[in-house]
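Can you make the complete structure from the sequences, with help from the hints?
Protein chains in written order, with the working numbering: chain A, 46 to 252; chain Y, 46 to 252.
Note that the list lumps identical chains together, so a pair holds whenever it fits in one copy or between two copies.
Derived pair list, reagent style DSS-like, types lysine-lysine, alpha-carbon separation capped at 25 Å:
hint, residue 1, residue 2
1, K248, K68
2, K66, K245
3, K245, K78
4, K237, K78
5, K204, K82
6, K198, K82
Rather than coming from a laboratory, the hints here were simulated on the basis of the structure.
There are 2 protein chains.
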Amino acid sequence: MTDERTIDEAEAERHRAKMAKRKAVQDAEVAGKTVEKGLLIVNTGPGKGKSTAAFGLALRMLGYGRRVGVVQFIKGAWHSGEQDALARFGDLVSWHTMGEGFTWETQDLKRDIAAAQAAWARALELMADPAIGLVVLDELNIALRYDYLDLDKVVAALKARREDLHVVVTGRNAKPALVEAADLVTEMGATKHHFAAGVKAQKGIEF
Amino acid sequence: MTDERTIDEAEAERHRAKMAKRKAVQDAEVAGKTVEKGLLIVNTGPGKGKSTAAFGLALRMLGYGRRVGVVQFIKGAWHSGEQDALARFGDLVSWHTMGEGFTWETQDLKRDIAAAQAAWARALELMADPAIGLVVLDELNIALRYDYLDLDKVVAALKARREDLHVVVTGRNAKPALVEAADLVTEMGATKHHFAAGVKAQKGIEF
Numbered sequence: 046m047t048d049e050r051t052i053d054e055a056e057a058e059r060h061r062a063k064m065a066k067r068k069a070v071q072d073a074e075v076a077g078k079t080v081e082k083g084l085l086i087v088n089t090g091p092g093k094g095k096s097t098a099a100f101g102l103a104l105r106m107l108g109y110g111r112r113v114g115v116v117q118f119i120k121g122a123w124h125s126g127e128q129d130a131l132a133r134f135g136d137l138v139s140w141h142t143m144g145e146g147f148t149w150e151t152q153d154l155k156r157d158i159a160a161a162q163a164a165w166a167r168a169l170e171l172m173a174d175p176a177i178g179l180v181v182l183d184e185l186n187i188a189l190r191y192d193y194l195d196l197d198k199v200v201a202a203l204k205a206r207r208e209d210l211h212v213v214v215t216g217r218n219a220k221p222a223l224v225e226a227a228d229l230v231t232e233m234g235a236t237k238h239h240f241a242a243g244v245k246a247q248k249g250i251e252f
Numbered sequence: 046m047t048d049e050r051t052i053d054e055a056e057a058e059r060h061r062a063k064m065a066k067r068k069a070v071q072d073a074e075v076a077g078k079t080v081e082k083g084l085l086i087v088n089t090g091p092g093k094g095k096s097t098a099a100f101g102l103a104l105r106m107l108g109y110g111r112r113v114g115v116v117q118f119i120k121g122a123w124h125s126g127e128q129d130a131l132a133r134f135g136d137l138v139s140w141h142t143m144g145e146g147f148t149w150e151t152q153d154l155k156r157d158i159a160a161a162q163a164a165w166a167r168a169l170e171l172m173a174d175p176a177i178g179l180v181v182l183d184e185l186n187i188a189l190r191y192d193y194l195d196l197d198k199v200v201a202a203l204k205a206r207r208e209d210l211h212v213v214v215t216g217r218n219a220k221p222a223l224v225e226a227a228d229l230v231t232e233m234g235a236t237k238h239h240f241a242a243g244v245k246a247q248k249g250i251e252f
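And the structure:
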């Protein structure tokens, strides 16, 4: 590939000086951050990538040989690619699909509540396991939104987590009390979505 | 765990009726989406999760036994957890770290441009490989933002990709022409960030 851009010495030097200054700022900023702690992370918003980013974090943890726990609160009726992929990590992943599908699939409120409570009980077990470095609570926000679980109790338990435990909660419409308790909250915004153009959910992308 | 919420029959029935209606709407919506195509996906915005979600997508693809190509345009000076984790998938992952670190680390504009161009040449090779189902172009937006690559040529090549190839581009400040060409654009917004509270970048979370 040809180099379309020619850089003269003056431009190269201006760039070097600017970047040296920027590096000093960055280094000072990094040096000012000294706290290490298990984070409560919330991925919310209407856009794509809430669960996907949580599983990406799981992948990162696994890369360092740390154990990961996953509880799926809502999804469960279908099979997912990430589940198969994480199976390759054997004992490092403790995966629990506790949901029975979307609320409009079960159409049974009592059953939905019972499933959410069983999932939460499993989440508490995983959070108590000192071998686990990251717990993914996939779609917990949905269970909280529909009052399947007691918000105050859930937030209190998340705040009381082990000091070195990272927890990621996903799902739209995160409750304000959870956002308040979290260390890191990312709102995934749907700037543009292919579903609007009639493209269907595709293997490897949506599931 | 005790069930704090009691559901009477009337409430259960109202829920069932509401969810049955919602299922009809959902089913109709799903049925209306029939197109299958390789997507051009852009993860941008100031929040966390742009690269992480891209690697989560890679994981999902790998779960279905599809091959994944990764080109890192900027990062490269450090080791990452996801790289180690993906190594477990052997030949299914073709990983190329072509960056030499942040621009303020190299402080050398010519070198940055040369690295970006070599990375783009590698990206074109991966995109041309029919065995690959997903190509992750990590931090390509940064290389475009600093004009290390010709935007028009890059967008034209991405648009001309194979019909069944998914491509994910990550990085802040996605160029409008790229957003225009994309099928799916997610803006990761930083609602709350632990760096602001003095918490440092931690193994398994940030890298």
